[in-house]
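Keeping the supplied structure of chain A fixed, place chain B upon it in accordance with the hints.
Spelled out from the first residue to the last, the chains are:
2 protein chains.
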Amino acid sequence: MQNDQDQTNINGATALIETLANCGVELCIANPGTSEMHLVQALDRVPRIKSVLALFEGVCTGAADGYARMTGKPAATLLHLGPGLANGIANLHNARRANSPMINIVGNHPNYHIGYDAPLTSNIDTLARNYSSWIKSESTASTLAQDGADAFTATLRQTPDSQGQIATLIMGADAAWGGSGGPVAPNSLPQRAKIDDDTIEGIAAKIEQGGNIAFLLEHHGVSPEALANASKISVKTGCRLFTGTFPARVDGGPGNPEVERLPYFPEQILQTLQGLDHLILVGGQIPASFFAYRGIPGQLIPEGCQVSCLSRVEEDAIDALTRLATRLGAANERVKTFERKSIPRPSGELDTKSIIQAVAATMPEGLIVATDSGGGNAAHAYCQNSAPNSWLALTGGAIGQGGPVATGAALACPDRPVLAMLGDGGAAYTNQSFWTQARENLNVTTLIFANHSYNILNVEYARLGVTDVGEIAASLFDIGSPELDWVAMAKGFGVAGAHAKDAEDLCRLLEESYKTPGPFVIQARA
Amino acid sequence: MQNDQDQTNINGATALIETLANCGVELCIANPGTSEMHLVQALDRVPRIKSVLALFEGVCTGAADGYARMTGKPAATLLHLGPGLANGIANLHNARRANSPMINIVGNHPNYHIGYDAPLTSNIDTLARNYSSWIKSESTASTLAQDGADAFTATLRQTPDSQGQIATLIMGADAAWGGSGGPVAPNSLPQRAKIDDDTIEGIAAKIEQGGNIAFLLEHHGVSPEALANASKISVKTGCRLFTGTFPARVDGGPGNPEVERLPYFPEQILQTLQGLDHLILVGGQIPASFFAYRGIPGQLIPEGCQVSCLSRVEEDAIDALTRLATRLGAANERVKTFERKSIPRPSGELDTKSIIQAVAATMPEGLIVATDSGGGNAAHAYCQNSAPNSWLALTGGAIGQGGPVATGAALACPDRPVLAMLGDGGAAYTNQSFWTQARENLNVTTLIFANHSYNILNVEYARLGVTDVGEIAASLFDIGSPELDWVAMAKGFGVAGAHAKDAEDLCRLLEESYKTPGPFVIQARA
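Chains as they are written, first to last, in this note's numbering: chain A, 99 to 624; chain B, 99 to 624.
Since the hints were derived computationally from the structure, they do not count as laboratory data. These figures come from a predicted structure and were not determined experimentally. Any given hint could turn out to be false.
[Unchecked claim] The list that follows gives simulated cross-link-like pairs (lysine to aspartate or glutamate, EDC-like), each with its CA atoms no further than 20 Å apart:
#1 A/Lys148 <-> B/Glu569
#2 B/Lys599 <-> B/Glu581
#3 A/Lys148 <-> B/Asp576
#4 A/Lys451 <-> A/Glu609
#5 B/Lys148 <-> B/Glu124
#6 A/Lys304 <-> A/Asp375
#7 B/Lys148 <-> A/Glu569
#8 B/Lys304 <-> B/Asp375
#9 B/Lys148 <-> A/Asp576
#10 B/Lys599 <-> B/Glu609
#11 B/Lys334 <-> B/Asp375
#12 B/Lys171 <-> B/Asp513
Next comes chain A alone, as it looks inside the complex (with noise of 0.2 Å):
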């Protein structure tokens, strides 16, 4: 009834984490139950790789797409059957919008036990699916090492359009207590594809014509090296930069390039490219609308603007505008950088504005922002002369996470201070954040943005038209009856924190949270 071969010292869930060890995994976030106790046995064996117990999945996963933003590397997540990794899903979702690397591990009951329909079997391959560029669902105790290296390899390598980075190894327990052969060797690692001669003539004969011409830049686009040579480039032709409304990372502030960053209504965007004649995409796509709205395009450019395709996603973003950068005499220019300006001090009541003035007046050198908010998005612009950063913005748009990214760009950045600026709405959704937060003693500063509302849909239910919201509709976007008291819920999960007062007030929390080891939450009342 089962392979029942354990002949050698190593079973199949011990040679598969120590290949991952091997291959370069050093962080594995989890979430066990019964089908995975010999991969917890494994994981205790092998104490290279770190491993931290979240309280819910979603925070998993959301944790590794923070580790991976912030070190190009994939962190494992172990997850429970099929309803284990539902709750992860969402933020698979925003991570495969990041294109982050990510193996998880989803425990299932061996094939023979499967016949059976224990209460927690089901077709765990269809929720995979929906976000993963890379599954394997029937391994063995003897194929499990190489999975795991075969696992590693698929997330490292890009994939077109949004297929994302992401593999899942779905694993009966029995080919993780079977015997193997132990731990096999890393793969080679993949490399991204390099674009032709011919493309970057082509774009550079079109940018030598003249004219108004943009470059939009995302994913590979906008990692450091990219950005400084598509700012030379900018320099010398007088091309405007943009990055895409919600980029995984971008590192902006002081001494980092100036790019602009395109709004999020349709409306806005259209009028942002009013007048372009040219649309250069490197890592992207043609800006399209969040959402549909009736008799609004689909699509977000001037009517008549070109498009070219520099490289796309899979592709070398920084060779090619390296390359772009010296065919186009640009190689010497200097990069225009973000400058640092005074940002005054807030005072005052507190409302949207005098919260972002808050944080941009108080941001500490090297601070890493994850936002999931409209205030914490809307303060992207506000913080670019304060202190260098990184922004990680909502990707996908699946709210819930801000706190779960936070937490893994603090496992990933020890030594630098995070910020998550995060609506009361999308904070609710992974709120178990804070506890991995204060069990790893990470240096986290939450911000809450406090309207009690889903106001997003107070502003989309408006642009409807419907000017009378009912009574039912109103009860639909308002979360605020009863209010959440976000510090009594932060201290439930044993993370202290503090009502905002006033402005003074929130500067003062926010520098006294990051000159303290540890997490903090901070209420604002927005």
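Positioned in the frame of chain A, the structure of chain B alone reads:
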């Protein structure tokens, strides 16, 4: 570019919601986003359906499950694209295992917008396939009303094996906003299939042959009328009666038919059924081990035990048991019911035993109990002599079900007290339930067994033969560092609570909470 045919006053969304109301849907538990704004508008126009907001989709789906278990009727959920659905899947898995009817309405981009690959785009169908018995993903404004009527019918159509009764309607925003022909009439209601006379006769003949015989009653087979007839057969013939380990709902306590419940671990089930000659399945399958273990069989009946099936999950167990009772001359036998006994109130320190005793000693009449913990499950047997009750178990093994199910049961039965007995691990998954309980002033008492660990995993790890638990493994079972403060967390969501100091205090807190309208949370160190 879009179906802009809003020629009538009724758009697809309103036609859908009016149709669902006409079918008999009375509750929609929602977490909407921009793509569902027209549905919100429709809910605003159709107050016959009560709209309830939840802060996390797992609460929506779990509450709809609890509502279905108490009413037999589907509630609707309103979910936001793939990620919103994904957040609800763990409890949809549990609801599928409970055979609960439910209609999920999942908003999506219009088809014409999907090609632009906006951030929230994903393959929603792959997710829906995990748990749905019915999926429609290509609705238009003109089909939406009929699709809603069909979804309603699908939730009441019994499906074979463990396909469940959950319908998922994935609806592009253009179907919602486009013009429609208005609501449609409900379809006729499906009926359970009756089983044939030969099957009744064959099983009656086997029972009359004598021997050690047991019924395993599940799903329709544990509905009150089915249980009463099974009890008559038991009284007449000496057959034993069992429910499965985790039934969706059993009405027990004084006055209700006495029935044993199968234990959890495979060895315990085998021991319980030792010596059995013949097992008669009613609405379920041969007991399977919850997890697979090396060297332990997956199907848990003694060697040589015959198995017959009286009725399958989709067939009419009430009719089958009524006819079988008549055939066996048991129609006029008495029903053996649980007796009422006085349970002494516990005193002194809290542990799992004294907590269970406190619950049993203080049970009010008609209590609805939702469990999501080892302690809560263990309490079942001890509580059946206290007061009539409806007991809702964790059907699918996906923890985080108890709070949402309790919320839905309270929405279904506002005049009955509800007790959620949750483990601290499981309750952390869907703590957002507290908020909906506060908002709707639901009579839910939540009792947290705070053992500060995933204790079942300590037990399971020991079952692997691991006696020396390493530091990393221990850390992955320990949720006590930091300790969760449930009274603070509940306060964060607007719910009052208290720490029970000892067994007397727990009795007092339980009784006070049952008497007081609205939710209350009690943390008890287990």
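Quick rundown of the hints versus the structure:
At most 20 Å may separate the alpha-carbon atoms for a hinted pair to count; A/Lys148 and B/Glu569 meet this at roughly 12 Å. Note on B/Lys599 and B/Glu581: the hinted pairing holds, with a Cα-Cα distance of about 16 Å set against a maximum of 20 Å. Between A/Lys148 and B/Asp576 the CA atoms are separated by roughly 16 Å; this keeps the pair inside 20 Å, and the hint holds. Straight-line distance between C-alpha atoms of A/Lys451 and A/Glu609 comes to about 18 Å, which keeps the hinted pair within the 20 Å bound.
At roughly 6 Å between alpha-carbon atoms, B/Lys148 and B/Glu124 fall within 20 Å of each other, so this suggested pair holds. In summary, the hint linking A/Lys304 to A/Asp375 is supported, as the alpha carbons are separated by about 11 Å, within the 20 Å threshold. Taken as a hint, the B/Lys148 and A/Glu569 pair is honoured in the structure, with Cα atoms around 12 Å apart against an allowance of 20 Å. The hinted pair formed by B/Lys304 and B/Asp375 meets the criterion: a straight-line CA distance of about 10 Å does not exceed 20 Å.
For the given pair, B/Lys148 sits about 16 Å from A/Asp576 by alpha-carbon distance, which is consistent with the 20 Å threshold. A hinted pair counts as satisfied when its Cα atoms are at most 20 Å apart, and B/Lys599 with B/Glu609 qualifies at roughly 15 Å. Our distance criterion of 20 Å between C-alpha atoms is met by B/Lys334 and B/Asp375, whose separation comes to about 18 Å. Using a Cα cut-off of 20 Å, the hinted pair B/Lys171 and B/Asp513 holds, with the two alpha carbons roughly 18 Å apart.
Hint violations for this structure: none, all hints satisfied.
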